[in-house]
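Enquirer: Protein chains in written order, with this note's numbering: chain W, 1 to 251; chain R, 1001 to 1291.
Since the hints were made in silico from the structure, they are not lab data. Predicted model, so just to flag it, every value in this text is computed and none were measured. A couple of the hints might just be wrong.
Unchecked claim - Here chain R is said to cover these stretches of chain W; the calculated rule only asks that three of the stretch's residues, wherever they fall, bring their Cβ under 8 Å from a Cβ of chain R:
| no. | segment |
| --- | --- |
| 1 | 46 to 59 |
| 2 | 93 to 105 |
As the list claims (entries may be wrong) - Pulled from the structure, derived: some chain R residues nowhere near chain W, Cβ distances all over 10 Å:
| no. | residue |
| --- | --- |
| 3 | Ile1034 |
| 4 | Glu1051 |
| 5 | Leu1053 |
| 6 | Thr1061 |
| 7 | Ala1081 |
| 8 | Val1123 |
| 9 | His1142 |
| 10 | Thr1189 |
| 11 | Arg1196 |
| 12 | Ala1221 |
| 13 | Met1234 |
What the hints assert, rightly or not - Pairs of lysine-lysine residues, derived as DSS-like cross-links and limited to a Cα-Cα distance of at most 25 Å, are as follows:
| no. | chain 1 | residue 1 | chain 2 | residue 2 |
| --- | --- | --- | --- | --- |
| 14 | R | Lys1100 | R | Lys1166 |
| 15 | R | Lys1177 | R | Lys1286 |
| 16 | R | Lys1100 | W | Lys93 |
| 17 | R | Lys1177 | W | Lys143 |
| 18 | R | Lys1108 | R | Lys1177 |
| 19 | W | Lys138 | W | Lys119 |
| 20 | R | Lys1166 | W | Lys165 |
| 21 | R | Lys1177 | R | Lys1166 |
| 22 | W | Lys194 | W | Lys69 |
| 23 | W | Lys93 | R | Lys1166 |
| 24 | W | Lys93 | W | Lys185 |
| 25 | R | Lys1286 | W | Lys143 |
Here a beta-carbon is modelled for each residue, glycine too, at the ideal position from N, C-alpha and C.
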Amino acid sequence: MSDIITVRDMCLWYGNHQALSNIHIQIPEKSITALIGPSGCGKSTFLKSLNRMNDLVPDVRITGDIRYKGIDILGASVDVNELRREIGMVFQKPNPFPMSIYDNVAYGPRTHGIRNRAKLDQIVEQSLRDAAIWDEVKDRLQKNALGLSGGQQQRLCIARALAVKPAVLLMDEPTSALDPIATSKIEDLCTQLKDTYTIVMVTHNMQQAVRISDWTAFFLLGELIECGDTETMFSTPKDQRTEDYITGRFG
Amino acid sequence: MKKFSKKNCFEGMVQGIFLLLGLVTVGCVLLVTIYLVIAGIPAIRKIGFIEFLFGRTWESTSAEPSYGILPFILTSIYGTAGAVAIGVPIGFLTAVCLAKTAPKGVRKIVESAVSLLAGIPSVVYGLTGMLVLVPGIRRLFHVPDGASLLAAVIVLAVMILPSIIKVSVTALDAVPKEYEDASLALGATPIETYFRVSVPAARSGIAAAVVLGIGRAVGEAMAVMMVSGNVANMPGLIQSVRFLTTAVASEMSYASGLQRQALFSIALVLFLFIMLINASMNFFLKGRKEE
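In isolation and in its complexed conformation, chain W is listed as follows (with noise of 0.2 Å):
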């Protein structure tokens, strides 16, 4: 399996303070890896930096090696919003926009200049679909959006963000707002794309990493620890803090 992402020596600052220091870190290609660790150890910060989200806080300084694909993205050629077509998101708190369902899954095609009917309607559907949420809502697609249930604005997210047929989807804690069944929803969905796409999801919940990722990293005050694959690293993990943290000594 090869890496989608490859990151060397990165480092991030907000203003004067450091947030990450030298991560490295590879993502495999097709799979689910967890960034885990306690609240503000910068992986959320580092979840945001695969697709420049972090440019829009100001102050932020980046150094190190980012690449997708072989592209340093961090580098000044690089078109932001084609980086972001090709690497969606799907944040904390459920966030279509104050729209129709149908318009809101269409968002994003159509800033990227589909304009044909029929195309957008195959591919809002097919999107649906993929997120698991098309035979909850095909018969109210032209309803507002904000109507819908926690869980299903998270699908319907998910399906936002399929409908630009990104490579990579990046999840900031996607389930921290949703209750236990609407959870288990999200987490079977991402078992399911992983075939397709990349993802890689910040979680707070150490059951959540174990039951659906492929890989894990361990944050603590803006460092990586620990990296590997999820089983190992929860069963014989090589670090004492990682231990510490995944036993639920702290954090």
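We have chain W; now place chain R onto it with these hints.
Expert: Here is chain R on its own, set in the frame of chain W:
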């Protein structure tokens, strides 16, 4: 125990006073409404409803007076529409710029300028229009008098800018950042995001801003009186005209009898216009709450 009930008594009294003061406002509105209706109806009856509203000539001081206020109504409508046509695009785009794209320093400066613009007395607007716009229009169009509907439209357009900008900026600021993040994360550019996500999400607030601007334009008297020429013509762009507001203001000091009553009727018509505008604003604001 006694002390406690004393306290309660005091509470009750204070609440009573507040209620009373609140009722003063309601009372004023009721008083004005009732007075306008009572004072405005008789002239309409005497002149005739159709004759009054749709009569094309206003000759209140001639030997055989004629009281048709269609010129005033149309002037008010055209003037407001023109002001909105100019002021809304400028105000709206300024608001988008301030709320979304402008650097903090620029926003601060422009916002204080907008506040200042809102605080300028209307007589100063009128004066500036008189000294700058009116001669400018006279020269540009080679007309004997530059005091015209066009001058009033321009003055009104500037006057409604502050309310449009302020209310729109507030609405745009209130758009949750999550919406914009979602759009950017899909690969949309910032400008696409502002116009396809932020503006639609703020549309009821922006609509309320426009209605507020309309209300301000319809109700303005002093500034338009100074630049519009104040002649009861049917409206034309570089024609001297008279608005509903100025019609009342300019004749009230010397009017008597039916003429005076007719002025009250004009005020009643103006009042109904404003009520309509307020109602539509409430409608838009209610829409915002539901979203």
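Enquirer: Against this structure, judge whether each hint is valid.
Expert: Against the structure, the hints:
1. Counting residues of the segment 46 to 59 of chain W whose CB lies closer than 8 Å to any CB of chain R gives 3, which reaches the minimum of 3, so the coverage claim holds.
2. Against chain R, the segment 93 to 105 of chain W contributes 6 residues with a C-beta closer than 8 Å to a partner C-beta. That satisfies the three-residue criterion, and the hint holds.
3. No beta-carbon of chain W comes within 10 Å of the beta-carbon of Ile1034 of chain R; the shortest separation is about 42 Å.
4. Its beta-carbon lying about 50 Å from the closest one in chain W, Glu1051 of chain R satisfies the requirement of being farther than 10 Å from that chain.
5. Every Cβ of chain W is farther than 10 Å from the Cβ of Leu1053 of chain R; the closest lies at roughly 42 Å, confirming the non-interface assignment.
6. Under the 10 Å C-beta cut-off, the non-interface status given to Thr1061 of chain R relative to chain W holds; the minimum distance is some 57 Å.
7. At roughly 30 Å from the closest C-beta of chain W, the C-beta of Ala1081 of chain R stays outside 10 Å, upholding its exclusion from the interface.
8. At the 10 Å boundary, the C-beta of Val1123 of chain R stays outside the reach of chain W, the nearest C-beta of that chain being 43 Å off.
9. For His1142 of chain R, the requirement that its beta carbon stay farther than 10 Å from each beta carbon of chain W is met, with the minimum near 49 Å.
10. For Thr1189 of chain R, the condition that its CB be more than 10 Å from all CB atoms of chain W is violated, with the nearest at approximately 6 Å.
11. Distance check for Arg1196 of chain R against chain W: the nearest CB is about 7 Å away, which does not clear 10 Å, and the non-interface claim fails.
12. With a least CB separation of 40 Å from chain W, Ala1221 of chain R remains clear of the 10 Å interface cut-off, as annotated.
13. With a closest Cβ-Cβ approach of about 45 Å to chain W, Met1234 of chain R is found to remain outside the 10 Å limit, as its non-interface label requires.
14. For the given pair, Lys1100 of chain R sits about 14 Å from Lys1166 of chain R by alpha-carbon distance, which is consistent with the 25 Å threshold.
15. For the hint linking Lys1177 of chain R to Lys1286 of chain R, the alpha-carbon distance of about 22 Å falls within 25 Å, and the restraint holds.
16. Taken as a hint, the Lys1100 of chain R and Lys93 of chain W pair is honoured in the structure, with Cα atoms around 22 Å apart against an allowance of 25 Å.
17. Taking the CA atoms of Lys1177 of chain R and Lys143 of chain W, the gap is about 23 Å. The hint holds against a cut of 25 Å.
18. Of the pairs offered as hints, the one joining Lys1108 of chain R and Lys1177 of chain R holds, with about 20 Å between alpha carbons and a cut-off of 25 Å not exceeded.
19. Among the hinted pairs, Lys138 of chain W with Lys119 of chain W is consistent with the structure: their alpha-carbon atoms are about 17 Å apart, no more than 25 Å.
20. Between the alpha carbons of Lys1166 of chain R and Lys165 of chain W the distance comes to roughly 40 Å, so the proposed pair goes past 25 Å and is violated.
21. Taking the CA atoms of Lys1177 of chain R and Lys1166 of chain R, the gap is about 19 Å. The hint holds against a cut of 25 Å.
22. For the hint pairing Lys194 of chain W with Lys69 of chain W, the CA-to-CA distance comes to about 17 Å; that is within 25 Å, so the pair holds.
23. Restraint check: the Cα-Cα separation between Lys93 of chain W and Lys1166 of chain R comes to about 30 Å, which exceeds 25 Å; the hinted pair is violated.
24. Distance check on the hinted pair: Lys93 of chain W and Lys185 of chain W sit about 16 Å apart at the alpha-carbon level, within 25 Å; holds.
25. Restraint check for Lys1286 of chain R and Lys143 of chain W: satisfied, since their Cα atoms lie roughly 20 Å apart, inside the 25 Å limit.
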